[in-house]
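Engineer: Chains P and W supply the protein sequences, listed in that same order. When we follow our numbering, the leftmost residue of the first sequence carries the number 1, and every step to the right adds one. When we follow our numbering, the leftmost residue of the second sequence carries the number 154, and every step to the right adds one.
Rather than coming from a laboratory, the hints here were simulated on the basis of the structure. Note that CB positions come from ideal geometry on N, CA and C, so glycine has one too. Misleading hints may appear alongside valid ones.
[To be verified] Partial chain W-side listing against chain P, Cβ under 10 angstroms, derived:
id	residue
1	E163
2	L166
3	Y171
4	L205
5	R230
6	T238
[Claimed, not checked] For lysine to any residue, the following SDA-like pairs were computed, each having C-alpha atoms within a straight-line distance of at most 20 angstroms:
id	chain 1	residue 1	chain 2	residue 2
7	W	K233	W	K277
8	W	K258	P	A74
9	W	K277	P	D85
10	W	K233	W	R257
11	W	K277	W	D236
12	W	K233	P	A98
13	W	K258	P	T51
14	P	K95	W	R257
15	W	K233	P	P96
16	W	K277	W	L166
17	W	K233	P	K75
18	W	K258	W	D236
19	W	K233	W	L166
20	W	K233	P	R92
21	W	K258	W	L287
22	P	K95	P	W121
23	P	K75	P	D127
24	W	K233	P	E52
25	W	K258	W	K277
26	W	K233	P	P49
27	W	K233	P	L138
28	P	K75	P	T51
29	W	K258	P	W121
30	P	K95	W	P232
31	W	K233	P	I113
32	W	K233	P	D89
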Amino acid sequence: MTADPLLNAAAEMATSVPQAAALGFQLVSIGESRGSIRVGWREDLVGNPQTEVIASGVVTALLDHCCGLAITAAKQERFPTATLDLRIDYMRPAKPRAGVVAEAHCYRMTRSIAFVRAQAWDEDASDPIATAQAAFILHGATPQNAPAPEAKA
Amino acid sequence: MSEAPAQQLEAFLQTVPYVRFLGMHAELAGDEMTAILPFAPHLIGNTMLPALHGGVIGAFLEMTALAQLSVTQPNGRAPKTIDVTIEYLRPGRAMTTYARADLRKVGRRIANVHVEAWQEARSKPIASLQGHFLLAEG
Chain P
1 MTADPLLNAA
11 AEMATSVPQA
21 AALGFQLVSI
31 GESRGSIRVG
41 WREDLVGNPQ
51 TEVIASGVVT
61 ALLDHCCGLA
71 ITAAKQERFP
81 TATLDLRIDY
91 MRPAKPRAGV
101 VAEAHCYRMT
111 RSIAFVRAQA
121 WDEDASDPIA
131 TAQAAFILHG
141 ATPQNAPAPE
151 AKA
Chain W
154 MSEAPAQQLE
164 AFLQTVPYVR
174 FLGMHAELAG
184 DEMTAILPFA
194 PHLIGNTMLP
204 ALHGGVIGAF
214 LEMTALAQLS
224 VTQPNGRAPK
234 TIDVTIEYLR
244 PGRAMTTYAR
254 ADLRKVGRRI
264 ANVHVEAWQE
274 ARSKPIASLQ
284 GHFLLAEG
């Protein structure tokens, strides 16, 4: 364990949320408005048994979670948020039996909304398998009549 | 041919390991499919509420689109996801989630699919997805 509270919060967020733990997420790094998480390949996470490629749904969860981590980094504390929308473009499938790394950057934050971009790759960060663009509402900044924050981690 | 959609759906649901990881299944009425995601503790993204992980909801919507395509695509090869846009409307509570996919356009190479997920009432969707899928050339 480290004395850095942000790093501790990030490590906990990356691994202790039930869905993150079930997928086996590992914290790679947390930095200035950025966060990175890795998920290892596992037989039960395969999306196509013919190719043994990890399911795109796993990449979806990874990108979404990583965006939340980037907001934690930007806020300098663990901050509950709710996803408003998430767009993912899948450039290519991951390689067979390959794990996936994602990195997200919270590039703009208003009082109530965080805007985040993310990408995921298997072997080479410059050759992504997927990119994402998302908007999050910050917990505690929910306007009246808006849906209650769903808040992931 | 009459049993083919049910068989293709069953093949999709049974053979994709990640579908079993989610714990998802589906019911077919003719060619209309309802996907069902029973609540399970490992799907939680927020333990305080508790609420389903946004990524789980997105993945469930996407798998619903792929499952519906497996019902209608006769050649049995898996389509590839090109892009998805997921809108989150309400918190996903710790209960069963349902989803239905609407194949807006199925062309020779690309399918445009809209999916909606709900829990207590279909008129109160918790999330929706629009996506493009690349079809295996038959």
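Engineer: Taking the numbered hints from earlier one at a time, note which ones the structure violates and give those numbers from smallest to largest.
Structural biologist: 1, 2, 7, 8, 11, 13, 14, 16, 17, 23, 25, 27, 28, 29, 31
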